[in-house]
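*Asks:* So the chains spell out like this:
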Amino acid sequence: AQKITQTQPGMFVQEKEAVTLDCTYDTSDQSYGLFWYKQPSSGEMIFLIYQGSYDEQNATEGRYSLNFQKARKSANLVISASQLGDSAMYFCAMRANQAGTALIFGKGTTLSVSS
Amino acid sequence: DTGVSQDPRHKITKRGQNVTFRCDPISEHNRLYWYRQTLGQGPEFLTYFQNEAQLEKSRLLSDRFSAERPKGSFSTLEIQRTEQGDSAMYLCASSPTTNEQFFGPGTRLTVL
Numbered sequence: 001a002q003k004i005t006q007t008q009p010g011m012f013v014q015e016k017e018a019v020t021l022d023c024t025y026d027t028s029d030q031s032y033g034l035f036w037y038k039q040p041s042s043g044e045m046i047f048l049i050y051q052g053s054y055d056e057q058n059a060t061e062g063r064y065s066l067n068f069q070k071a072r073k074s075a076n077l078v079i080s081a082s083q084l085g086d087s088a089m090y091f092c093a094m095r096a097n098q099a100g101t102a103l104i105f106g107k108g109t110t111l112s113v114s115s
Numbered sequence: 001d002t003g004v005s006q007d008p009r010h011k012i013t014k015r016g017q018n019v020t021f022r023c024d025p026i027s028e029h030n031r032l033y034w035y036r037q038t039l040g041q042g043p044e045f046l047t048y049f050q051n052e053a054q055l056e057k058s059r060l061l062s063d064r065f066s067a068e069r070p071k072g073s074f075s076t077l078e079i080q081r082t083e084q085g086d087s088a089m090y091l092c093a094s095s096p097t098t099n100e101q102f103f104g105p106g107t108r109l110t111v112l
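Just so you know, the protein sequences line up as chains E and B, in that order.
Here this note's numbering is used: position 54 in the first sequence is 54, and no number is missing along the way.
Here this note's numbering is used: position 107 in the second sequence is 107, and no number is missing along the way.
Chain B with its partners taken away, still in its complex shape (with noise of 0.2 Å):
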């Protein structure tokens, strides 16, 4: 399969725990995107790579948040001291040009 990837696929922890999330995009991709998605509404952007550079960062995304592109190949997300309000589907996206992005299956987080 030469799609997006992501792992996990869900996610369970308790308030205050720290979590990470991995991406892999398609290979020739340079630029990854990450998106949180919450219940009944569309994505909302997080954070942007181009190659290993991180260009773009979104207001949503706290002091609690830090992703990281190193070597420009996979990214990881990492949340900690998670709160409730951070249950989600965190999505990622690839792509090769300034148009159309390519999805991952998402990570659904709960945290309790």
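Extracted from the complex, chain E is given alone in its bound form (with noise of 0.2 Å):
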């Protein structure tokens, strides 16, 4: 069975300062994607970052990187120098038919940046 797993329901930083998220995942599938997606309290689901399961390279998005292991199934974000503004709920998801349907999220991190 597909499934993500996300073990920080909370998390606190400074601002300037870097944070990772804790993502792994479960699937027999050799090809496979996983995303990251960020959630302010307004609701809207806001896509941050996406990594193919044979990507050689960490996927980058400006502040934004994914560490990428995959013996280990896992999938971290790392936010580097962070804002007030990326207060938010972060979820981890995985697409895992290739037929490419439907995401499998995590139950998220929520990420809360101080001053």
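So, partial list: chain E residues that the calculated Cβ filter (under 10 Å) puts toward chain B:
no.	residue
1	S42
2	E44
3	A102
4	L103
Within a straight-line C-alpha distance of at most 30 Å, the following computed DSS-like cross-link-like pairs (lysine-lysine) qualify:
no.	chain 1	residue 1	chain 2	residue 2
5	B	K57	E	K3
6	B	K11	B	K57
7	E	K107	B	K11
8	B	K57	E	K73
9	E	K107	B	K14
10	E	K107	B	K57
11	E	K3	E	K107
12	B	K57	B	K71
13	E	K16	E	K107
Since the hints were made in silico from the structure, they are not lab data.
Here the structure is a predicted model, which is why all the values come from computation and not from measurement.
Glycine is no exception: its CB is placed at the ideal position from the N, C-alpha and C atoms.
Once you've looked at the hints, go ahead and assemble the two chains, each given alone in its own frame, into the complex.
*Replies:* The structure is reproduced here in structure tokens:
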């Protein structure tokens, strides 16, 4: 069965510091994709970053990078130089069906950035 | 604005009533998804369309739920005989490929 596990219900960080949000996944598929989304209090899900299972390099998008460790089945999100606007819920998700349908989400991590 | 739009943003209804939500995807996206998100949880997949064809439905989509995407453009999600357990955020997403999905702002349903 496909599953995403996010073990940190909440994380606290100060502005300008880096923070790592953990995500582990379980799938028997060889081809899959891993995603991170941000959900502010307004409710909209904002796409942050994507990593394909065959990608050799870790994905990066601005201040976001994905630390992909395939053998450990982990896909941690690293946010560098945190900003107050980064305070939100963060979800890790996986697409493990080659037809590319459903995303399977974890329960999320609430990130709070303080000044 | 060229993002995914959903209407209404909020809906309050009484138990037993029918409700219908609309989703307008990004215009060039042929894939459309519906998810449901309850408080403190991640979104859960409900159903998927490629163009006008409904290709996948979750077990969560009971007989009271029906979704359509006529002409492969906008989609509607109808819930018949609503129950209090249907209270949730209903999210629509669209995608041009099998990679990232772009989400709308959601419709928050409250069943009294």
